[in-house]
Amino acid sequence: FAMPVRRPLYWSDAEADLGTVGLYSGIVDALADLPLTLDEDGAPAPKVLTLSPAARDLHVAEHNRLTDEATTASPDLAAACSKLRATALRLAGLVHLVRLVTLEPGIDPERIDLSSMESAWALTWWFKGEAEKVLDLIVESDDDAAERNLIRWIQGAGGRCTLRDVCKGVRTYRKNPEAAQAALDRL
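Just add 285 to wherever you are in the sequence shown, counting from 1, and you've got my numbering.
Simulated from the structure, these hints should not be mistaken for laboratory data.
Heads up, some of the hints might be wrong.
[Unchecked claim] DSS-like mimics (lysine-lysine), calculated; alpha carbons at most 25 Å apart, straight line:
id: 1; residue 1: Lys418; residue 2: Lys368
id: 2; residue 1: Lys368; residue 2: Lys413
id: 3; residue 1: Lys418; residue 2: Lys460
With the hints as extra help, turn the sequences into a complete structure.
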């Protein structure tokens, strides 16, 4: 789930900074070069990472907080929360490995620390917020959709507009200033 704020994307001849591209490529290459863990038959096997006590305490607290929120959520959001609880640990592992391959000092290769877990849960809560926005769209009424589109249009116009601006700029209200004024009044 992701529903970022809509912004106009204008053409640009600018290219990505070569230093940034190099850093990103280096991280991806270093992750790909991590040695595989092999089982007794020589087949690839999962690498087990442990949690530091502080990382575990944070994970348990956030896991339970997400569980509590899911109990009062809609069935669809509760299902998303169920998946996000497992996602947090996967993200913690990813953050840990990126910190490891970027040679951040003090990283224990075998143990996920508090910093990695904090980052993982920050991402997890962001994904939950995005899931809420997407699920709200699925169940919104036509009136709610029209209001959301008007708000988005006003934001895109710099946050301020007149009735005339709305009538000229928003197709729904082009020949209906009374409806446009009513919609603005509801905001």
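Results for each hint:
Restraint check for Lys418 and Lys368: satisfied, since their Cα atoms lie roughly 17 Å apart, inside the 25 Å limit. For the proposed pair Lys368 and Lys413, the alpha carbon gap of about 10 Å is at most 25 Å, so the pair holds. At roughly 31 Å between alpha-carbon atoms, Lys418 and Lys460 are farther apart than 25 Å, so this suggested pair is violated.
Going through the hint list in order, the structure does not satisfy hint 3, though it satisfies all others.
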